[in-house]
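Turn these sequences into a full structure, and let the hints steer you where they fit.
Number of protein chains: 6
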Amino acid sequence: MKAKVSRKAHFNAAHRLFKSDWSNEKNAEIFGKCSNPNFHGHNYELIVSVTGEIDEETGFVMDMKVLKSLIREKIEDSFDHKNLNLEIPEFKILNPTAENIAMVIWNKLRPHIEKSKELEVILYETPRNYVTYLG
Amino acid sequence: MKAKVSRKAHFNAAHRLFKSDWSNEKNAEIFGKCSNPNFHGHNYELIVSVTGEIDEETGFVMDMKVLKSLIREKIEDSFDHKNLNLEIPEFKILNPTAENIAMVIWNKLRPHIEKSKELEVILYETPRNYVTYLG
Amino acid sequence: MKAKVSRKAHFNAAHRLFKSDWSNEKNAEIFGKCSNPNFHGHNYELIVSVTGEIDEETGFVMDMKVLKSLIREKIEDSFDHKNLNLEIPEFKILNPTAENIAMVIWNKLRPHIEKSKELEVILYETPRNYVTYLG
Amino acid sequence: MKAKVSRKAHFNAAHRLFKSDWSNEKNAEIFGKCSNPNFHGHNYELIVSVTGEIDEETGFVMDMKVLKSLIREKIEDSFDHKNLNLEIPEFKILNPTAENIAMVIWNKLRPHIEKSKELEVILYETPRNYVTYLG
Amino acid sequence: MKAKVSRKAHFNAAHRLFKSDWSNEKNAEIFGKCSNPNFHGHNYELIVSVTGEIDEETGFVMDMKVLKSLIREKIEDSFDHKNLNLEIPEFKILNPTAENIAMVIWNKLRPHIEKSKELEVILYETPRNYVTYLG
Amino acid sequence: MKAKVSRKAHFNAAHRLFKSDWSNEKNAEIFGKCSNPNFHGHNYELIVSVTGEIDEETGFVMDMKVLKSLIREKIEDSFDHKNLNLEIPEFKILNPTAENIAMVIWNKLRPHIEKSKELEVILYETPRNYVTYLG
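Protein chains in written order, with our numbering: chain E, 61 to 195; chain S, 61 to 195; chain F, 61 to 195; chain W, 61 to 195; chain U, 61 to 195; chain G, 61 to 195.
The hints are simulated quantities; they were obtained by calculation from the structure and are not laboratory data.
Since this is a predicted model, take the numbers as computed values, not measurements.
Errors might be hidden in some of the hints.
Which copy? The list can't say, so a pair holds if one copy fits it or any two copies do.
Derived DSSO-like pairs: lysine-lysine, alpha-carbon spacing no greater than 27 Å straight-line [as the list claims (entries may be wrong)]:
{"id": "1", "residue 1": "152", "residue 2": "86"}
{"id": "2", "residue 1": "62", "residue 2": "93"}
{"id": "3", "residue 1": "62", "residue 2": "168"}
{"id": "4", "residue 1": "134", "residue 2": "64"}
{"id": "5", "residue 1": "62", "residue 2": "125"}
{"id": "6", "residue 1": "134", "residue 2": "175"}
{"id": "7", "residue 1": "86", "residue 2": "64"}
{"id": "8", "residue 1": "86", "residue 2": "177"}
{"id": "9", "residue 1": "125", "residue 2": "79"}
{"id": "10", "residue 1": "125", "residue 2": "93"}
{"id": "11", "residue 1": "128", "residue 2": "175"}
{"id": "12", "residue 1": "68", "residue 2": "175"}
{"id": "13", "residue 1": "86", "residue 2": "125"}
{"id": "14", "residue 1": "64", "residue 2": "128"}
{"id": "15", "residue 1": "177", "residue 2": "125"}
{"id": "16", "residue 1": "177", "residue 2": "79"}
Structural data, given as structure tokens:
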């Protein structure tokens with residue numbers, strides 16, 4: 061009996077789309093106002109889902125309290141109220157597009173989720189734009 | 061030409077996480093405040109989806125009016141404003157976690173959906189926690 | 061320069077509409093399924109608003125971090141995952157309608173908000189029903 | 061490294077469910093009030109998703125600015141504030157059910173999305189009814 | 061002890077902005093695509109609020125079950141799945157702007173709300189446009 | 061016949077809470093992580109409301125197309141994808157709290173709204189924090 065459990069979380073951060081091995085001109089041309097050197101920012105809304113067997117003892121795929129704490133500890137505590145480009149090591153090189161942020165979050169959570177279970181990350185950059193990443 | 065049609069519904073109910081073959085202490089230890097013997101409750105929001113061929117005559121996968129009535133008759137009428145542990149027979153034994161409630165809802169609806177079609181149940185326990193069950 | 065600052069919070073609870081000085085029959089007749097003796101429950105969503113002068117030093121009407129902590133400490137910590145009728149002293153006598161819950165929340169918060177400021181409480185019992193209370 | 065990027069859009073339109081090769085009586089019998097000859101209407105909310113490899117250069121599956129413009133040009137500009145039955149050629153014959161509208165939108169967008177990428181269309185007819193179409 | 065109770069409802073309808081004593085050209089010039097002679101439509105979301113004393117007996121400003129039925133009977137049953145211009149007598153003359161629809165709804169509900177209580181109608185024409193009417 | 065018309069808009073921006081005449085230490089002490097010198101950011105959601113007489117000719121308090129353009133031209137075009145502290149002249153001195161941003165938006169729009177009409181600005185800094193400003 062498989063099910064997928066999903067938990068919402070959120071963090072606020074500044075970022076700019078910027079590829080460090082491109083000139084400023086090329087960054088501006090490709091990324092437009094998203095590459096503003098002074099940064100802009102978002103309320104990122106995050107949905108983390110774990111798919112696996114429903115444990116017959118507990119009735120849980122995964123204890124939501126544990127999932128909530130894990131997201132807080134591994135993601136919210138380090139991303140919230142930060143500048144992603146300047147303060148999150150992964151984005152010193154990697155361009156912090158929604159796709160890449162979702163991938164980084166997935167990579168940070170994956171080691172803490174049981175191997176037999178699937179992990180999915182949905183990241184809303186705005187209420188109108190979002191990304192789904194499954195590894 | 062396949063499509064998935066989805067219909068939202070809702071019911072309000074009390075529940076507690078409680079495994080009848082565990083001691084009260086073990087229930088409290090594992091389920092924390094969700095196991096409060098006096099119960100707590102939720103506005104459960106339900107999304108029922110049916111996937112199948114679009115009928116060439118009607119342009120429907122399934123008539124949404126029929127799906128809406130089915131959810132009302134099989135789920136809302138029996139779950140709404142109830143205590144899940146005390147009043148829904150399935151949860152006298154089964155722990156009413158969101159996972160198990162989604163599974164019970166799926167089982168109640170499945171016989172009424174054409175065999176050739178897939179059924180999916182999404183159950184929001186809160187706006188921040190939800191479960192997806194596909195059988 | 062006056063403004064109103066608003067902060068959302070939430071708690072899950074069980075309740076029943078029940079007037080202790082009425083017979084069970086009268087409770088059932090007037091409150092219908094909301095008076096189910098086994099309780100039902102809700103995800104209560106709460107919006108607390110404070111209106112006052114914008115402080116010229118800080119640019120705040122009230123520090124949102126302080127307001128958030130106040131709601132957590134005075135309301136969420138005591139109401140969340142509780143049975144309102146059985147565990148919140150105010151509702152041993154008072155019928156826990158959305159109107160009365162909003163009033164009780166307002167009364168609990170009022171002493172902790174500066175006297176010169178107005179306090180408003182909005183309480184969503186469901187996404188479709190809510191109450192506004194201004195004292 | 062695959063991901064799915066999703067973009068929300070919207071248009072308002074009138075329609076009626078109507079099968080041109082059925083009598084008015086049969087249309088009324090099968091489609092009920094949705095077949096009102098004077099039309100009714102909806103705020104259609106649209107989510108278009110594209111799944112593919114994350115480009116290592118840009119960090120994009122697809123540039124959201126391009127996807128946004130494509131939806132505007134191919135869908136919103138022709139569907140918004142229109143009568144689907146009378147003004148969108150596809151629905152002169154095809155019954156404009158949510159399923160069929162989603163399919164028509166998918167067909168209009170598909171030629172403009174890279175072949176190696178998957179396209180998904182979700183169409184909300186109301187906040188409570190929606191359809192998912194994947195081709 | 062005063063409070064405001066609010067109840068959400070909804071109906072889907074077609075309309076066009078059209079002033080019957082203006083030429084078609086003037087209608088098109090002033091109302092643009094909202095005046096499309098073939099109509100367009102909306103999912104109207106309605107919030108009806110009643111402000112008054114909290115009854116000490118019941119703990120209600122107004123029984124929400126009664127308010128819900130009243131909205132269904134007086135508004136939803138006559139407006140839902142209709143063409144406002146052609147099928148609602150008030151809009152044969154009156155231009156069905158969101159402002160005027162809110163006013164008509166208010167006028168239809170007012171006689172059924174106790175005189176001592178205030179009535180407020182909020183009408184969402186789209187999730188981005190809405191009107192508040194207080195009489 | 062008075063009504064209030066409301067229009068939603070949005071912009072994404074970076075900011076930090078920072079009072080230029082305070083030391084960095086005092087800024088950090090009072091504003092906590094909101095004062096991060098590297099900035100953070102938000103998806104600001106904006107609701108602009110205008111209250112006045114419903115024009116008997118048009119049925120409008122104010123043409124929503126005009127209000128939408130006004131918000132785009134005066135607010136979205138200058139605030140979107142910007143760093144509020146560095147790029148919006150008003151916030152070189154004024155601390156960009158939600159309260160102050162709402163006030164600045166109100167001041168920018170007020171001259172363009174008819175004098176006889178009231179203007180209200182609601183600014184969501186996050187889905188959980190917002191400010192209402194009426195002048």
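So, going through the hints one by one against the coordinates:
1. Proximity of residue 152 to residue 86 under the C-alpha cut-off of 27 Å is restricted to the intra-copy arrangement: shortest distance 18 Å within a copy versus 29 Å between copies.
2. For a Cα distance limit of 27 Å, the shortest separation of residue 62 from residue 93 across copies, 25 Å, qualifies, whereas the shortest one inside one copy, 44 Å, does not.
3. When the C-alpha separation of residue 62 and residue 168 is checked against a cutoff of 27 Å, the pair qualifies both within a copy, at 24 Å, and between copies, at 17 Å.
4. In this assembly of identical chains, residue 134 and residue 64 lie within 27 Å of each other by CA distance both inside one copy and across copies; the values are 21 Å within and 23 Å between.
5. In this assembly of identical chains, the alpha carbons of residue 62 and residue 125 lie at most 27 Å apart only when taken from the same copy (19 Å versus 29 Å across copies).
6. Proximity of residue 134 to residue 175 under the C-alpha cut-off of 27 Å is restricted to the intra-copy arrangement: shortest distance 18 Å within a copy versus 37 Å between copies.
7. In this homomeric assembly, residue 86 and residue 64 come within 27 Å of each other (Cα to Cα) only across copies, at 25 Å, whereas the closest approach inside a single copy is 42 Å.
8. For a Cα distance limit of 27 Å, the shortest separation of residue 86 from residue 177 across copies, 26 Å, qualifies, whereas the shortest one inside one copy, 41 Å, does not.
9. Taking the shortest alpha-carbon separations for residue 125 and residue 79, only the inter-copy value of 18 Å comes in at or below 27 Å, while the best intra-copy value is 37 Å.
10. In this assembly of identical chains, residue 125 and residue 93 lie within 27 Å of each other by CA distance solely across copies; the values are 11 Å between and 39 Å within a copy.
11. In this assembly of identical chains, the alpha carbons of residue 128 and residue 175 lie at most 27 Å apart only when taken from the same copy (18 Å versus 37 Å across copies).
12. Taking identical chains as interchangeable, the C-alpha atoms of residue 68 and residue 175 lie at most 27 Å apart only when both belong to the same chain, with a minimum of 22 Å there against 33 Å between chains.
13. In the homo-oligomer, the alpha carbons of residue 86 and residue 125 lie at most 27 Å apart only across protomers (16 Å), although the nearest pairing inside one protomer, at 45 Å, exceeds that limit.
14. In this assembly of identical chains, residue 64 and residue 128 lie within 27 Å of each other by CA distance both inside one copy and across copies; the values are 15 Å within and 24 Å between.
15. Within a single copy, residue 177 and residue 125 get their C-alpha atoms as close as 17 Å, which meets the 27 Å cut-off; across copies the closest is 35 Å, which misses it.
16. Proximity of residue 177 and residue 79 under a CA criterion of 27 Å is satisfied inter-copy only: 24 Å between copies versus 34 Å inside one chain copy.
Figure legend: structure checked against the earlier numbered hints; every hint is met.
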